[in-house]
Amino acid sequence: MKDMIICEKVSKTFETARGNVDVIGDVSLTVHENELLVLFGPGQCGKSTLLNCMSGLEPVTSGSVTINGRHIDSPGPDRGVVYQRTALFPWLTVMGNVEYGPKVRGMDKKERREKAQYYINLVGLEGFENSYPNQLSGGMQQRVGIARAYCNEPDVLFMDEPFGHLDAQTRYLMQEDLIKIWEKEKRTVVFVTNNIEEAVYLADRIAVLTNCPTRVKTEFEITLPRPRNYVDPEFLRLREEIGSVVDKSL
Amino acid sequence: MTGRSLKGVGSYRKIGAAAISIAVFLLIWQLAVMFTDVGIVMVGPVEVIGRFFVSMVEPIGHDTIQMHILWSLSRVMTGFILGSVLGIVLGILMGWFRPMNALFRPLYEIIRPIPPIAWIPLSIVWFGIGEPSKYFIIFLAAFSAITMNAFAGVKAVDPELIGAARMLGANNRQVFTTIVLPSCVPHIFAGLQIAIGSSWATVVAAEMVRASQGVGWVIIRGQDSNSTVQIMVGIVAVGIVGFALAVLMRWIEARLCAWNVRGK
Amino acid sequence: MASKKKSYVWLSVLSLVVFIGIWYLACDVLKLTKASTLPGPVTVVGTFIDKLTQTAPDGATLFQHIGSSLQIAMSGWAMGVIIGTPLGIAMAWYKKIDLYARPLFDLIRPVPGLAWIPLMILLFGIGLTSKIVTVFLSAFVPCVLNSYTGIRQTKDVHLWVGQTFGASDFQMLMKIAVPTSLPLVMTGVRVALGASWTCIVAAEMLASTKGLGYMIQQARGIYRPDIIICGMITIGVIGALFSWLLTLVEKKVIKGVKR
Numbered sequence: 001m002k003d004m005i006i007c008e009k010v011s012k013t014f015e016t017a018r019g020n021v022d023v024i025g026d027v028s029l030t031v032h033e034n035e036l037l038v039l040f041g042p043g044q045c046g047k048s049t050l051l052n053c054m055s056g057l058e059p060v061t062s063g064s065v066t067i068n069g070r071h072i073d074s075p076g077p078d079r080g081v082v083y084q085r086t087a088l089f090p091w092l093t094v095m096g097n098v099e100y101g102p103k104v105r106g107m108d109k110k111e112r113r114e115k116a117q118y119y120i121n122l123v124g125l126e127g128f129e130n131s132y133p134n135q136l137s138g139g140m141q142q143r144v145g146i147a148r149a150y151c152n153e154p155d156v157l158f159m160d161e162p163f164g165h166l167d168a169q170t171r172y173l174m175q176e177d178l179i180k181i182w183e184k185e186k187r188t189v190v191f192v193t194n195n196i197e198e199a200v201y202l203a204d205r206i207a208v209l210t211n212c213p214t215r216v217k218t219e220f221e222i223t224l225p226r227p228r229n230y231v232d233p234e235f236l237r238l239r240e241e242i243g244s245v246v247d248k249s250l
Numbered sequence: 251m252t253g254r255s256l257k258g259v260g261s262y263r264k265i266g267a268a269a270i271s272i273a274v275f276l277l278i279w280q281l282a283v284m285f286t287d288v289g290i291v292m293v294g295p296v297e298v299i300g301r302f303f304v305s306m307v308e309p310i311g312h313d314t315i316q317m318h319i320l321w322s323l324s325r326v327m328t329g330f331i332l333g334s335v336l337g338i339v340l341g342i343l344m345g346w347f348r349p350m351n352a353l354f355r356p357l358y359e360i361i362r363p364i365p366p367i368a369w370i371p372l373s374i375v376w377f378g379i380g381e382p383s384k385y386f387i388i389f390l391a392a393f394s395a396i397t398m399n400a401f402a403g404v405k406a407v408d409p410e411l412i413g414a415a416r417m418l419g420a421n422n423r424q425v426f427t428t429i430v431l432p433s434c435v436p437h438i439f440a441g442l443q444i445a446i447g448s449s450w451a452t453v454v455a456a457e458m459v460r461a462s463q464g465v466g467w468v469i470i471r472g473q474d475s476n477s478t479v480q481i482m483v484g485i486v487a488v489g490i491v492g493f494a495l496a497v498l499m500r501w502i503e504a505r506l507c508a509w510n511v512r513g514k
Numbered sequence: 515m516a517s518k519k520k521s522y523v524w525l526s527v528l529s530l531v532v533f534i535g536i537w538y539l540a541c542d543v544l545k546l547t548k549a550s551t552l553p554g555p556v557t558v559v560g561t562f563i564d565k566l567t568q569t570a571p572d573g574a575t576l577f578q579h580i581g582s583s584l585q586i587a588m589s590g591w592a593m594g595v596i597i598g599t600p601l602g603i604a605m606a607w608y609k610k611i612d613l614y615a616r617p618l619f620d621l622i623r624p625v626p627g628l629a630w631i632p633l634m635i636l637l638f639g640i641g642l643t644s645k646i647v648t649v650f651l652s653a654f655v656p657c658v659l660n661s662y663t664g665i666r667q668t669k670d671v672h673l674w675v676g677q678t679f680g681a682s683d684f685q686m687l688m689k690i691a692v693p694t695s696l697p698l699v700m701t702g703v704r705v706a707l708g709a710s711w712t713c714i715v716a717a718e719m720l721a722s723t724k725g726l727g728y729m730i731q732q733a734r735g736i737y738r739p740d741i742i743i744c745g746m747i748t749i750g751v752i753g754a755l756f757s758w759l760l761t762l763v764e765k766k767v768i769k770g771v772k773r
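Residue numbers (the working numbering), protein chains in the order written: chain A, 1 to 250; chain B, 251 to 514; chain C, 515 to 773.
Think of the hints as simulated: they come from the structure by calculation, not from any bench. Certain hints may be false.
Claimed, not checked - Derived lysine to aspartate or glutamate pairs resembling EDC-like cross-links, with alpha carbons at most 20 Å apart:
(1) 519/C - 15/A
(2) 257/B - 683/C
(3) 264/B - 542/C
(4) 257/B - 620/C
(5) 610/C - 683/C
Whole structure, please, built from the sequences with the hints as guidance.
Encoded structure:
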């Protein structure tokens, strides 16, 4: 398999009033093409920061990130992000949000409408094209976020705890649907979560991160066939195994 | 026992109570004017309302009351539109471009604390007693309220939305036009709401100081001729129009900002 | 980063210097404008210093005018706060009061305070009372509105917690609703002071023999824009001081009341 994202000795230090804080310490990580990699770690570790460094939203302090051999140092449409707080544009309809990427990149109206409609249908929001985000439930808003990221047809999708704010029931449903969408439209996905079940359910590979400063502790290949079952003995065993290596301190 | 709640009551009860309390108030007012010494200086609601309708056909000065209202409104609209346009442009530029803020902030801060009404004398010296001096004062009233709100609107743009737009491929100009501008619309409307109220108050003041028509003039002429009823007719007109302007602004805001459910 | 911030400060200073420089050049040096239309900054400063001690041409020194305006504005404002704030709180807390008092309040709310000036003059004469009542009306409205909205922001859940612990209705008002409303109450008090200050200036322009509003209105009659500008700057500076002082008090009061 081709290597898509290569993080080499990435570290990140924030300067604050109370001195420097090392958030990421020396992370080296490779993501393969069309792989679903889950970054899994305890509560306040620098998962999101690491994701922002990989997507180019935040500059790294040292080390480097390359995607397809290109050096990443600023945001760009070849990468898509799905946010925890959705970050939908509240003044645009579902259609307006999904077609935003192609629109700012100058695609003509007919073409981008068709494309947006395809992805709206893909995430199961047919019929809600003209709704505004605040008229939708949390789960539906996240679907819009996924469609919006997909519609730009990026090489890589970054998902920053996208289901973190949803209730348990919706969360299961979204995980199931995400896998369906991803199997239909294969992309390289980097998914951040602090939920161990979610990690095992989704991942091809899990990178377990340590607390601040964040490092990669170990990696697990998950070869369970999909669709996966939360109560399958093998699933539960993996869950136990991964749980045992996570930092327990708060 | 049900839980204590500050949620409102049904609208029927509300309207009923409102009708009762306003009726009682008007009745006491009327009785006080008819049977006590209050009647020496004050007129009752019956006379005021009666005169208000009479003045719709019989002119006060040269114009009927609705023409006076139109005079005042046309002054407000001219100044308000000029002030809003300039205020929105300047506020947004100041919010988005740091050098613009550095350049204009000190001058704006000098003007801001001076109430628009305090400009009336200087404005008359500069522009004479005609219409331009009134436009100028109302312009200032609208301008200072809106600039601040437009500025605050730009400063309140969610940085995550800007990040999301950049990530989707928007360049600086597109971030400004597609993210910053729409997301400060609610703030701008809050500013317009304040500005229309303050413009209306200002035009009344300006007309009281120097004018030959308009609702402010109606009130001040009432004082000059010791006619309490004419003052009251003017005040009623000022109140009705002030209320209508506020409702109109809220209606426009609800139409244009359907996506922004306030208080949610 | 730091040097960039510094350059912005310099830009601000530059903008002020250029503004005053052009004004000075055009009016004081080149005399492009008549002194009866726009005097230069040097003239204005000169007039300002004169007005500190001289009573001509309007019968009082600057400090006497300031004192007179302040006295009326503060009395009217204090009355507005003392009556308006509790009324707003009562209206928001007790549904009966809301039902019957709110419509009357809504009746006078859209009338700007200064529109009452002529009526008050007819009712109470040209003296202090009429102006204080008018200022009171201007201050009263924002105090009622803000404290009303403030109380209404109390969350039902907080009230239920209070009820569960057996608090009486009045205890809940004092211990839960009033603290919740404090930030907005303070905003109301601040807005009211601004409105009072504006209103007194208007009242003095219309009918008075003293005060800053009277001073600038008189100066207009005799074409002395230098005095007008002095008056406007004084009005502005005092208004800015007011709002700065109350923002300080606001921060003190609100400390601890997290929203």
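Now the hints, each set against the structure:
no. : hint          : in the structure
1   : 519/C - 15/A  : holds (18 Å)
2   : 257/B - 683/C : holds (16 Å)
3   : 264/B - 542/C : violated (63 Å)
4   : 257/B - 620/C : holds (19 Å)
5   : 610/C - 683/C : holds (14 Å)
The structure fails hint 3 only (numbered hints given earlier).
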